[in-house]
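With chain A held as given, fit chain B onto it using these hints.
Those protein sequences? They're chains A and B, same order as listed. As numbered in numbering that gives the first Met the number 0, the first sequence has no gaps in its residue numbers, which increase by one up to the final residue, 389. As numbered in numbering that gives the first Met the number 0, the second sequence has no gaps in its residue numbers, which increase by one up to the final residue, 356.
Hints may be right or wrong, so weigh each one.
Computed spacing ranges between beta-carbons, pair by pair [stated by the list, open to error]: (1) A:Phe16 / B:Val241: 30 to 36 angstroms; (2) B:Arg22 / A:Ser127: 21 to 27 angstroms; (3) A:Thr313 / B:Leu157: 26 to 32 angstroms; (4) B:Val241 / A:Val312: 21 to 27 angstroms; (5) B:Ser136 / A:Phe227: 50 to 56 angstroms; (6) A:Gln199 / B:Gln122: 52 to 58 angstroms; (7) A:Val312 / B:Gln122: 49 to 55 angstroms; (8) B:Leu157 / A:Ala93: 41 to 47 angstroms; (9) B:Thr231 / A:Arg6: 18 to 24 angstroms; (10) A:Thr8 / B:Asp246: 30 to 36 angstroms.
No lab work stands behind these hints, which were simulated from the structure alone. This structure is a prediction, so every number in the text was calculated from the model and none was measured. Heads up, the beta-carbon is just placed ideally off N, CA and C, and yes, glycines get one too.
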Amino acid sequence: MLEYIIRRTFQMTIVFFLFLIFSYLLFNAIPGNAFSSLLLNPNLPPDAYQRVLEIYGLDKPLFERTQMYIVNFFKGDFGYSYKYFPKTPIELIAERLPRTLMLFSIVNIVAFYTGFFIGKVLAWRRGSKAETWITVTSVFSYTVFYPWFALMMLWVFGYKLGWLPIGKFLFPEKWYDAPFDSDVVFTSMIKFTVVVSVIQFIAYLVTRGIESLSLRRNLRFGSLLAIFIGSYFYWNNGEALIQKPYASDIAYHMILPVMVVTVVAFAGTALLTRTTMMEVLKEDYILTARAKGISQKRIRDRHAARTALLPVVTSFIFTIVTIIDGSVLTEQIFSWPGMGQLLLQSVLEEDIPVAMATFSFVGVFALIAHLLADVSYSYLDPRIRIKSQG
Amino acid sequence: MDKNLNQDLQKELRREALKRNWRLFKQSKLGMIGLYIVIFFLFLALLQPFLFITGIWNKGVYDPVVGYDTIKDTLLVVECPKEYPTEKYESYTDCPAKGEVNVKKLYMAPGVEVGDMYETFIQPAPPSRTHLLGTDSLGRDIFSQIMEGSQVAFILGLLSATLGVGISTILGTIAAFFGGRIDAYLMRQSDLILMLPSLPLLFIISAFAELKVWHLAVVLGVIGGLGGSVITIKSQALQVKVKPFVDSARITGGSNMKILFSHVLPNVAPLALLFMVFSVTGAIASESVLSFLGLLNIDMSWGIMIYLSQTDGFIFSGMRYWWLILPAGLAVTFLAGGFYLVGRGLDDVFNPRLRKR
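Here chain A stands alone, though its shape is the one from the complex:
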């Protein structure tokens, strides 16, 4: 196993190297460059454009630039952004990444739980009328043309009903005399969310082993209540009290994107769970469990759903990997200033250092996830064995 991982890591390094060269050449193949717009400005002297190119080193031949970029990349120097000059790509990513992760991890967790629950029920109630209708709805939300759907939702909730804001991350008017940066507030929001979800997860793990259904349910409800009371005290004391109105502003802007993406995202999990669960229900041990006289609900939740969880979790891991890739469109529609928008903007404006940094960030993420998925497959499912090569 260890030998396999070492070999894979070696191969991955080569792939990453090729990836860097390939994407650098790809960005340079786009006609024009980041400063082409200077040529259109009649107020600038004619040699200004040339001098800007010299400053950024864009006048050098392509081969030399590629070489320099890759050498510097492995030294840990990613250059400076062309558009936001004094900032480095790392600073930009550090600013944007939390926003995307916050939005999409909430979406993914909610979508995973609702999807898994709905899929479980769908497979269990096979052939009933409810199954057909839920399936039709989930197929609709799985295949709906996403930008169109998002715009319609924006129209309904943002414009017609006027309940929720149309796009953006915050109301700028509210933040004129704010004592701190939006990032500070956002960081404390992230900390709060992480702590809450960790507590809830621990409560779930502790209560999982409890046999009696009512006790388990009460304990879980109690932990939820404790979290509510705790968060009430947290947001009404000290530093958090000053941050509260600003944090609630950001949270208010998050409602619509979270809702829309969840509606679109839950269906994939639901349909996958349905398929795997149906396969599991054909297994012999389900028949055995039935013959033993175990209650239907227990068979569904304890025997079938547990086994059906495995492929769903693996696909969920892959969904997490594609968060940044998938966020491009969502963030564009809801004007959410996250990683996806940075990626798209840097590509469209040919801000090569930022685009390369974001591309390689996404790339490393994907590579490691593929390795982890392969290793965890063989770990979780002994039927799949990894041979020494491949």
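Using the frame of chain A, we list chain B on its own:
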């Protein structure tokens, strides 16, 4: 003679298998609904050239890109009051009402008085007998555009799915069958493709190459075929490779190529077909997203229809101009959903554990 008989028998068996599969497919209700949806859109796609050739539709009026038609309408000229509510109008949104026009809007037309009848051309025109789904803001027939869009969707979806699944089936089977270095190479190659974020990559490609429908189909097919689907097909082929009939074929002296193409590949084919149907859904969605963002060099497609209705500002006008917003979006959704349902029906056929009994 003997060989002929054998061939006839094989043909008969194949026909039997096809019949049985069709019977199984018919059992899944949603699969049949999906098939009907796909056939409906195929019918729409084929109907448009037929209407043009037979001359039922005049090309000058109904052409989806350069056609032009208007509907003449006579409006009553009124003057909107300065303060609301009045007897006639509740609020400022009610004036001018249907069939009326505000006199202030007509400052370009001299000599028009309040109370006159004013003749004008409406664009976008609402659905009528001549234009079943109305016209867009340039006077082009929406129904004809929907037909053109379904042609684009079919060409693109089927071409890119066939290409992609063709590539990934062959590569995935080879990777599983030979293993070793070839496998490692192919897997790292698909890693390389998976590492590139798909939408920005398509943006870059559209920046330096003018993408037409065919080009986009090839690009989507190659990216899809070299990327993640190789991994999925490989895992399926690995399960086929260890079946006893492959070993017996080798014992009887079959060459590697023979075993690969006549024993392993046919057994991977059902999954590949399934994969193809599902990837049509993805291809249609990507085309629409790219045209929606205005990055394709295509004259007309569903994505472009939504793009136009958004840039013209109709998407936030609500249901007043529903014929500009709903048909295109629903067409994309329904065709993608139709292919998805067909795929699910096929899944029931090929995967015996999903069947009811």
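Worksheet item: Does the Cβ pair Val312 (chain A), Gln122 (chain B) satisfy 49 to 55 angstroms?
Response: holds, 53 angstroms
Discussion item. 50 to 56 angstroms was suggested as the range; check whether the CB atoms of Ser136 (chain B) and Phe227 (chain A) agree with it.
Written reply: At 51 angstroms between Cβs, range holds.
Fill in: Consistency of beta-carbon spacing, Leu157 (chain B) to Thr313 (chain A), with hint 26 to 32 angstroms
Cβ of Thr313 (chain A) to Cβ of Leu157 (chain B): about 30 angstroms, so the range 26 to 32 angstroms holds.
Item to complete: Take a look at whether the Cβ-Cβ distance between Phe16 (chain A) and Val241 (chain B) falls inside 30 to 36 angstroms.
Response: Between Phe16 (chain A) and Val241 (chain B), where Cβ atoms are some 35 angstroms apart, the hint holds.
Worksheet item: Between Arg22 (chain B) and Ser127 (chain A), does the beta-carbon spacing fit 21 to 27 angstroms?
Response: holds, 23 angstroms
Worksheet item: Should the hint that Thr231 (chain B) and Arg6 (chain A) are 18 to 24 angstroms apart at their CB atoms be regarded as holding?
Response: holds, 23 angstroms
Worksheet item: Between Val241 (chain B) and Val312 (chain A), does the C-beta distance stay in 21 to 27 angstroms?
Response: holds, 26 angstroms
Worksheet item: Do Leu157 (chain B) and Ala93 (chain A) keep their Cβ atoms within the hinted range of 41 to 47 angstroms?
Response: Distance hint for Leu157 (chain B), Ala93 (chain A) holds at roughly 44 angstroms.
Worksheet entry | Cβ separation of Thr8 (chain A) and Asp246 (chain B), checked against the hinted range 30 to 36 angstroms | holds, 34 angstroms
Fill in: Beta-carbon spacing of Gln199 (chain A) to Gln122 (chain B) - inside the hinted bounds 52 to 58 angstroms or not
Holds, since Gln199 (chain A) and Gln122 (chain B) (Cβ atoms, about 56 angstroms apart) stay within the stated range.
When each numbered hint is compared with the structure, no violation occurs for any of them.
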